[in-house]
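Student: This is what each chain is made of:
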Amino acid sequence: MSNIKSVTKQPLIDENTKHNYIVVYDDDKEWTVPHDENNRMYQEILEWVAAGNTITDPGA
Amino acid sequence: MALNTLPNAGLTKKGYPSDRITTPIIINGDMSIAQRSTSTASITSAGYHTIDRYQIYLATLGTWTMSQSTDVPTGQGFAKSLKLDCTTADASPSANDEFYLRQKFEGQNLQHLAYGTSSAQSLTLSFWVKCNKATTATCMLQDHDNSKIQVKSYTISSANTWEKKIVTFSGNTSNSLNNDNGLSLDVRWWLDSGSSFTSGTPTGDWEANVNSKKNPDNLALASSTSNEWYITGIQMEVGEFDSTSIPSFRFESIDENLRRCCRYYQDYASFKLWTTALDGNTTTRLGGVFAFNTTMRAAPSVSKTNNTGTIDSQTITDKGYSVFAEKTDRGTTTNVTDIELDSEL
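Protein sequence lines correspond, in order, to chains A and B.
The first sequence runs 94 to 153 under the numbering used here.
The second sequence runs 291 to 635 under the numbering used here.
If you are wondering where the hints come from, they were derived from the structure by calculation, not from laboratory data.
Careful: at least some of the hints might be erroneous.
Listed next, the in silico SDA-like pairs over lysine to any residue satisfying Cα-Cα at most 20 Å (straight line) [said to hold, decoys possible]:
id	chain 1	residue 1	chain 2	residue 2
1	A	Lys122	B	Ser513
2	B	Lys442	B	Thr425
3	A	Lys122	B	Glu453
4	B	Lys609	A	Asn131
5	A	Lys122	B	Ser448
6	A	Lys122	B	Asp507
7	A	Lys111	B	Thr607
8	A	Lys111	A	Ala144
9	A	Lys122	B	Lys438
10	B	Lys442	B	Met526
11	A	Lys111	A	Gly145
12	A	Lys122	B	Gln525
13	A	Lys102	B	Arg326
14	A	Lys111	B	Ala336
15	A	Lys122	B	Lys442
16	A	Lys111	B	Ser560
17	B	Lys442	B	Gly472
18	A	Lys122	B	Arg540
19	A	Lys122	A	Ser99
20	B	Lys438	B	Gln325
21	A	Lys111	B	Arg326
22	A	Lys122	B	Lys609
23	A	Lys122	B	Ser329
24	A	Lys98	A	Asp120
All values reported here derive from a predicted model rather than from experimental measurement.
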C-alpha cells in the first residue's frame, strides 16, 4: 500500500455505529476505512497518527 | 524425522490419501485469479498490485512490473504464473531496503498445525520458479503472533529454466498461533535487500525475529533491468515431503479459487449500486445497500466512485455495505460504482 496523504473522520448520522475514516493515499486513491482493528488500513491509520499526523475532524 | 510416504491404499484419483483432502493452505497457488489487474507497471511501493493474495513488500529497491504471465512450466497443468520484471535497477541498495513477495495466513486456518504442542506439524513448501539468475535465494516463514522466523534457502540451478523446489519447515512446538482472523503467519520469498537483512546466519529452525537473519542468500533481483523472476504452482503441505513424495498440486475450480480470494478482496468494477430516493422535500435523501458475494475476513475498506452527491454515512461490515446521501438536485444519475472491497491481512 502507498503512503497515507490524509485522513478525514466521517461524521455520524447513526450514533449507534462507529466512525469511518476517509483515507487518501499518495497515489490519490481514496478508501473508506471502518473503525475496525482487524482492518489493515485502520492499523495504518493508527501508525500514521502515532508518527505525529492528525486526523481531520469536520465535526470538531 | 522420517519423510512422509503415501500409503498404497486409500489414494484418491489426484494422488492424495483420502484423509488428506483438506482445503489448501495456499490460496491461488496457480496464479489464476487476478481481480485487481493482470499487469501493473512502475511499482515502487508495497501492495497487492495484481494477482490475488500475493503482496509485494518493497522499500526503495528498484521499479517493477508485476504481471500475470502465461510463461509456465511445460506439462504441469498450470496456465498462469506471477512475474516480476525489473524496469529500474538498484544494484547498491541501502542497508534497510527490502523487497519480497509473500502470502499471509489467518491463525484460525492453521490450528491443525498444532503449533505450541509436542505434536506441532512440519510444513513443506513446494513451488515452481524461473529466473534469469542461477543462484541461491531465501524463503522463510514469519510467525507474527510470537515474533519468530524460520529461514531456508533454495537453489535456482539453471537460468531461464522452470524448476520445482521443495522446502520443509519444522513445526513450532513452543508457541501456538492465535485462533482468530488476524495475521498469524506469512510465507515469503526474498527478492532483494540491503545489508541489514543479509548479515546474519539463521539457524534454519524457529528463532527470534531478527532482521539480519532474514535474507542470507540474497537473490539481488534489482541489480539489473535484465532480471525477471517467475513463480507458480505454490503449495504448502502439512508434513515432511521430498520431490518424490510431495502430493500433486491440488487444482481448484475457478469458482472455488475465486470464492476463497473474495474473502480478502472483491472487485465490482462496472457494478452500479443505484441509490433510491427515501423522501423528497427540499433535498432528496438517498440510500443503497448491497450484500457481499461472500463474507469477508473482516469489515473491508471500500473504494468507490460516488455519483450520489455528498455521502453522509456509510455502514461497512464483513457481510455488506450501505450508503446514505443527500442530494439537492433531483433527476441526475445517482449511484455508487467502481466498488472495491479490501480486507487483506
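Student: Is the hinted pair Lys102/A and Arg326/B satisfied, with a Cα-Cα distance of at most 20 Å?
Tutor: 27 Å, violated
Student: Given the hinted pair Lys442/B and Gly472/B, is their alpha-carbon gap at most 20 Å?
Tutor: 25 Å, violated
Student: Does Thr607/B lie within 20 Å of Lys111/A when you go C-alpha to C-alpha?
Tutor: 11 Å, holds
Student: So if I understand the rule, the pair passes when the alpha-carbon distance is 20 Å or less; does Lys442/B with Met526/B pass?
Tutor: 14 Å, holds
Student: Run the distance test for Lys122/A versus Ser513/B: straight-line Cα separation, threshold 20 Å.
Tutor: The hint is violated at about 31 Å.
Student: Is the hinted pair Lys122/A and Ser329/B satisfied, with a Cα-Cα distance of at most 20 Å?
Tutor: With a Cα-Cα distance of about 18 Å, the restraint between Lys122/A and Ser329/B holds, given a limit of 20 Å.
Student: Quick one, are Lys122/A and Glu453/B close enough, alpha carbons at most 20 Å?
Tutor: 38 Å, violated
Student: Need the status of pair Lys122/A, Lys609/B: alpha-carbon distance at most 20 Å?
Tutor: 23 Å, violated
Student: Would you check the hint for Lys442/B and Thr425/B, treating anything up to 20 Å between C-alpha atoms as holding?
Tutor: Status holds; Cα separation ~14 Å.
Student: Below or equal to 20 Å on CA atoms is what counts here, so check Lys122/A against Lys442/B.
Tutor: Violated: Lys122/A and Lys442/B sit about 37 Å apart, past 20 Å.
Student: Under the criterion that the straight-line Cα-Cα distance not exceed 20 Å, is the pair Lys122/A, Lys438/B satisfied?
Tutor: Given that 20 Å is the threshold and the Cα spacing comes to 34 Å, the pair is violated.
Student: Holds or violated: Lys111/A with Arg326/B, Cα cutoff 20 Å?
Tutor: Roughly 28 Å separates the two Cα atoms, so the pair is violated.
When the structure is compared with the earlier hints, violations turn up for hints 1, 3, 5, 6, 8, 9, 11, 12, 13, 14, 15, 16, 17, 18, 20, 21 and 22 and for no others.
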